[in-house]
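Chemist: Sequence:
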Amino acid sequence: MTSASAPGGSAFAPGATPAPATAGPAATSVAPAPADVTARRVAGPPVRRRGGIAWLGLTPFAAYVVLFLAVPAAITVGSGFFDAAGHVTFANLAAFADPSVLRAFGGSFALSAVSAVIGAVIGAIVCWALAALRPDGLVRSMIDSAASVLAQFGGVMLAFAFIATIGAQGVVTTWLVSAFHVDLNANGAFLYTVPGLVVPYVYFQVPLMVLTFMPALEGVKAQWGEAAATLGASRVTYWRRIGLPVLAPAFWGSLLLLFANGFSSFATAAALISQGGIVPLTIRTQLTSETIIGLQNVAGVLAFGMVVVMAVVMGAYSLLQRRAARWQR
1 MTSASAPGGS
11 AFAPGATPAP
21 ATAGPAATSV
31 APAPADVTAR
41 RVAGPPVRRR
51 GGIAWLGLTP
61 FAAYVVLFLA
71 VPAAITVGSG
81 FFDAAGHVTF
91 ANLAAFADPS
101 VLRAFGGSFA
111 LSAVSAVIGA
121 VIGAIVCWAL
131 AALRPDGLVR
141 SMIDSAASVL
151 AQFGGVMLAF
161 AFIATIGAQG
171 VVTTWLVSAF
181 HVDLNANGAF
191 LYTVPGLVVP
201 YVYFQVPLMV
211 LTFMPALEGV
221 KAQWGEAAAT
231 LGASRVTYWR
241 RIGLPVLAPA
251 FWGSLLLLFA
261 NGFSSFATAA
271 ALISQGGIVP
281 LTIRTQLTSE
291 TIIGLQNVAG
301 VLAFGMVVVM
311 AVVMGAYSLL
321 QRRAARWQR
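Sequential numbering from 1 applies to the sequence shown in UniProt numbering.
Derived from the structure by calculation, the hints contain no laboratory data. A portion of the hints provided could be inaccurate.
Stated by the list, open to error - Estimated spans, in silico, between C-beta atoms of each pair:
hint, residue 1, residue 2, range
1, Val-139, Phe-90, 53 to 59 angstroms
2, Ala-85, Glu-218, 54 to 60 angstroms
3, Ala-94, Lys-221, 53 to 59 angstroms
4, Asp-83, Ala-186, 43 to 49 angstroms
5, Ser-145, Leu-93, 41 to 47 angstroms
6, Phe-96, Arg-326, 36 to 42 angstroms
7, Phe-96, Ala-179, 44 to 50 angstroms
8, Leu-319, Gly-225, 24 to 30 angstroms
Quick caveat: nothing in here was measured; it's all calculated off a predicted structure. Ideal Cβ positions, reconstructed from N, Cα and C, are used throughout, including at glycine.
Please model the complete structure; the sequences and the hints are all you need to start from.
Modeler: Next comes the structure, spelled out in structure tokens:
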């Protein structure tokens, strides 16, 4: 007598023998879900990781950085912490109390700050004018190219150009004397002083400002002005409440970059001024003739001071750039 199936249709009623499972494709493999197939097609084939081989391409650049940047900087800065016998000492830091060193740092700060402010203001105005031009237009392309070249134009060539222009017998100097009886050098050779360095420094600060500030100005979207106008804001209100606050971090960051550029410049100043006045020239003087009696390796101490100043300035620049980058995405 065959037993009836259990309530609910179960095939495994008490006393019943289960039927053997039949082998088939469904029992050996599970068909992939459509979502998994679609995701695999979108993701594409798996990418092979090449491991450390890919880093070999950076070896020449890394070697250049280590040999020509890191090692000389470490030797230069570290030399300020050794005495004549080669022993580690902090007594050389007393050079920062010397009046000549303080004047050199004061001159570098003043020169860098004045040239940076003038260059930032003029450069921002140039960027404002460029924003109204077509990005792919001829005038805009020419100005962008000129800014890229002139930002790197310095050293002896720039010094010679200004000597021939506004030097003691420069073209502009003699023309002003003959035409308007105005002598730029009435109180001495203006170009060959620390205040006179502001003129050639501004020459390469302005194009650097154009290169660094223009992307931020291009990041200001026209939709912001349209939205403000829709809400009843005037153009002045828009720039006071939206435009200028958005551009402020980029402007101050560019200003700090210009300050760092002026603070570290050497070649142009060295071609115009014989000695002293700013920190780089004071370092050169200390390397050629020790002037601070009783202290050793003062050049290394001054280099350490410059590194500290540059680290602070570039740290602040990095923070401002991070803040400005939020509006340029």
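Chemist: The structure should be examined with respect to each hint, and the outcome stated for every one.
Modeler: Each hint tested on the structure:
no.	hint	result
1	Val-139 x Phe-90: 53 to 59 angstroms	holds (57 angstroms)
2	Ala-85 x Glu-218: 54 to 60 angstroms	holds (58 angstroms)
3	Ala-94 x Lys-221: 53 to 59 angstroms	holds (55 angstroms)
4	Asp-83 x Ala-186: 43 to 49 angstroms	holds (48 angstroms)
5	Ser-145 x Leu-93: 41 to 47 angstroms	holds (46 angstroms)
6	Phe-96 x Arg-326: 36 to 42 angstroms	holds (38 angstroms)
7	Phe-96 x Ala-179: 44 to 50 angstroms	holds (48 angstroms)
8	Leu-319 x Gly-225: 24 to 30 angstroms	holds (28 angstroms)
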